[in-house]
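Undergrad: One line per chain: the protein sequences are C and S, in this order. Everything in the first sequence is counted per numbering that gives the first Met the number 0, starting at 0 for the first residue and increasing by one. Everything in the second sequence is counted per numbering that gives the first Met the number 0, starting at 0 for the first residue and increasing by one.
Hints are computed from structural coordinates only; laboratory data are not their basis. A quick note: this is a predicted structure, and the numbers were derived from the prediction, not measured. Treat the hints with care, as some may be off.
Here are the computed distance ranges between Cβ atoms for each label pair [claimed, not checked]: (1) 51/S - 81/C: 46 to 54 Å; (2) 53/S - 26/C: 50 to 58 Å; (3) 317/C - 45/S: 39 to 47 Å.
If the Cβ cut is set under 10 Å, some of the chain C residues that face chain S in the computed set are [what the hints assert, rightly or not]: (4) 151; (5) 159; (6) 364; (7) 427.
Ideal Cβ positions, reconstructed from N, Cα and C, are used throughout, including at glycine.
Chain residues, written in single-letter form:
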Amino acid sequence: MTVDDGNSTQPAPPSAATRDLERYAALFAARTEGMRSSAMRDLMAITERPEVISLAGGLPDVSHMPPEMLDAISSAISRDAVRALQYGPTEGMAKVHEAIQVVMAEEGTQADLGELLVTTGGQQAIDLVCKTLIDPGDIVLAEGPTYPGAVPTFTAYQADVRQLEMDEHGLRIDLLEETLAQLDAEGRRPKFLYTIPTFQNPGGVTMNLERRKRLVEIAHERELLVVEDSPYSLLRYEGEALPTLRSLDGGQFVIYLGTFSKILAAGLRIGWVAAPRAIRQKMNIGKAGADLCSASISQVVVEAALSDVDLWRRYLDELRERYRGRRDVMLESLEQAMPEGATWTRPDGGLFLWATLPSQLDTTNLLARALRSNVAFVPGRGAYVDGRGGNSMRLNYSGVDETEIREGVRRIGAVVTEQLELYGDLIGEPVPQRRRVDHGAAPVAEQAPGALVQFPRRRAGER
Amino acid sequence: MRVAVLAGGPSFERQVSLAGAERIVQALADLGHRAILIDVGRDLVERLTDARPDAAIIVMHGAVGEDGAVQAVLEALGIPHQTPSAAACRRCWDKAITKGLLAEAGVAVPEGVAFDRQPFTALGAARALAPIAERLGLPLVVKPARSGSALGVNRAADLQQLATAMVGAFSYDDTVIVERFVAGREFGVSLLGGVPLPPVEILPQDGPEAYDFEARYSIGRVKYECPAQLDDATGALLTETAAKAARALGVTGITRVDLILTPEGVPTVLELNNVPGMTDTSLLPMAAAADGLSSAQLVARMLPGA
C-alpha cells in the first residue's frame, strides 16, 4: 500500500463503517495544503485548563454589560421575536446599518448604506475580502507581525503574503514603497495591503498621522487597495484619536472592516465592511454563498444595545477605564518581572502588547515550559507566515483581572529568567539580570546568530 | 464488553489523543462493544469505579498516558488494558533509560548522552558542551527525555545552536538527550501482542529532517510507504530488531518501535511508543491496514484478553 499525499493505489478500505480517513487526503483541494496542524495550536489547546492563567486569549471583558442594556436587549428580542428568528437580508438589517453609521461616526468616519455589509464577525469580513479579491498566488501585503487569525484566511486562499516591518509609529511606509517598487520591477502588483493601523494586533502600536496620510496618497497614486481592519480604535484610553484611513481616503481605495466584538459583545459575531460599492456588491454575493445572512437575533441585539447611544458610550468609557488599569498593571508587572534584554510595546489602547525576548529564546518552546508553570501566551510565530517571530510573544490584558495579570506576568518572567540563566550556563557566559525597559520598542523579530534551527516547522504560506 | 476509552487529559498531545479516541470508539461500536469515552481528569478513579468497565483502551499520548501513571491506576483497580505494564511504560517513556537498556541488550541506538538539568548546570555545563560535540560529532539531535511526537526536538549544527536547542528541550522536560544525528531511512514497526506488522517507511515531503510534530499529524505532509520497499532480509532484520527491543524493555501487548536504517544497514532504534497514535495519519492503523486488518479488527486485537 502506498499512501502518497492521497494518490492511494489501495482498493476500498476493508471496513466501510470505520473508514481509514487518511484516504480522504486524495479528495482535499489544493488550497488545504496550507491548512496544517501546529505544535502551537496543540499547546494552545491546554491553555483552557482552569488552573492556567491565560494571557493568550483575545477576549474582551463582557462581564460588565450595564443591566439597562441587557434589559433593552431582552425586551427587544421578545418584542421583535419574529424578525429575530427569521432570515434577514444578506447585507444586514437596515437598523444595524444605522447603528454602524453611529459607531463609525464616533471615529469621524462616514459610510453610505450602499457601502455597508454586515458580516459574521470581523473574521468573515477578512474572509470575504479574500474571496472577492484573491486568486492563488496573488500578493497580499501585511504588517509583520500581523493578526494571527488572518494568517489561515490568507493561506486558505493561497495568497502570497509579504510581511512588512513596523516600528513604534506603525507600518514602515518606506518599506512599503520599497516593496512596491520592487514588485513593479518584477511586473507584479499586490492585490491589497492588510493593515490594523490602530492598536495593532499583535504589535500594540499605532500608525501615526503622517504615515496614514502618506499611505492614503500611495493608495491613490498606485490605485492600491488598503484593507483597514479597525476592531480596537474606539478602545483608546490615552492620547489623541487619529483619523481612520477611510476618512482620509474618502472611501475610494480603503476597505474598512469593523466589528462589535470589542465594543459590545464578541459572542454576537457581528462585524461589517464599508467598501467601495462595486467591491461591496461582489462581497455581498460572496456572503450569500457563505451564510445567506448573519444571525438575525444577533442583529436585533445590536440594534437594541445601540438604541440608547449615550448608554453605549458610557459602557465604552467603562471598558476603556478597565482596560487602561489592566494595561498599566501589565506594564508595571513586566518591568518587575522581565530580565534585561526583553522589550515590549506600550499600547495607547486595544487589548494586546507584544513582547520580544533576547534572541536565543524560542517562545514556542517557552510556552511548553510556561504551561508547566500554569501560564500561557501566544508565541510570536503565529503572527508571521515566514517563521519570524520566534522570540516574541503576544500578551493580552483585556480578558484577565489585575491579580491574574500580576501573577501571570510574574510566572512568565520567572521562566524567561530561568531559560536565560540556563542558556548562560550552557554557553559559559553570565546573563545580565538588570531590568531595562525599552518603551515603544519596535515589534521586530530578530534573527540571532544562535537562533534555533528547528526541524522545519512551517514554510511560507503556512500557519 | 464494556470498554473504557481513556483519552484527552492534560498533555500537550491532547488534540491528537481525542482524534484517535474517536476512531476507537467507532470501531468498538462496530464490534458491538459498549464504549465509554472518558476525558481523563481528577475524577478518573470515580468514573472508572462508576463505569465498571471490563477493559480499558488508553489513547493518551504524552506524559499521563505513556509514562505508566494511568497504567498503574488501572492495574490497581484490576482493569486490564492494551498497553504494556506500568513498569514497562516507565522504561519506555524515559528515552534516557530506554537507550541504556537497549544498548545493554545489544540493540543499536544513536550514541548520545543524557543530562538532568540541575546536576548538569551545577557541574559546569559550559565546559561539557564542546567535548560532547567533538565526541559525538555535529550535527546533533537534542530532545527531551520524556516527551512524545517530536515536541521540543531540535537539530544543532554548532555549539551556539546546541545551547539554544538544549534550552528548548529543557522547556519540555528536566532531562535532555543529546545524541548523534543518525542518517538513514526511517521506519515504524508496530507489534501487536509480539507479532510484528509490516514496517511503514516515513518519507517526509519537506526533506529528510522534517518528520516533526506538524508533519506527524497533518495529512499530506509525509508520504508513507507500507509495506515498505525492502528486501526480505532487511525487512526481517527490522522486525526482529523491533521485537528484540520490545523484549529488552519487557514490553508486551501493543507498541510501535521507531527505527532508522543506516546506509550501512544497521537498524538503529530511536524509541518505543506504547500508546501509538491512532489518528488518520498514524502509522499503526496504516500498518494494520496493510496487513489486512480493518480499524475494527485492529481494535479487536488491541482489546485485552483478545
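Undergrad: Each of the hints needs a verdict: does it hold here or not?
TA: Results for each hint:
Between residue 51/S and residue 81/C the C-beta distance comes to about 51 Å, which sits within the given range of 46 to 54 Å. Hint check: residue 53/S to residue 26/C, Cβ distance near 38 Å, so the stated range 50 to 58 Å is violated. Hint check: residue 317/C to residue 45/S, Cβ distance near 43 Å, so the stated range 39 to 47 Å holds. Interface hint status for residue 151/C: violated, as the beta-carbon distance to the closest one in chain S is roughly 13 Å, over 10 Å.
Interface hint at residue 159/C: violated, since its Cβ lies 18 Å from the closest Cβ of chain S, which is beyond the 10 Å cut-off. At about 4 Å, the closest approach between the beta carbon of residue 364/C and any beta carbon in chain S falls short of 10 Å, and the interface hint on this residue holds. This hint holds: residue 427/C has a C-beta 3 Å from the nearest C-beta of chain S, less than the 10 Å allowed.
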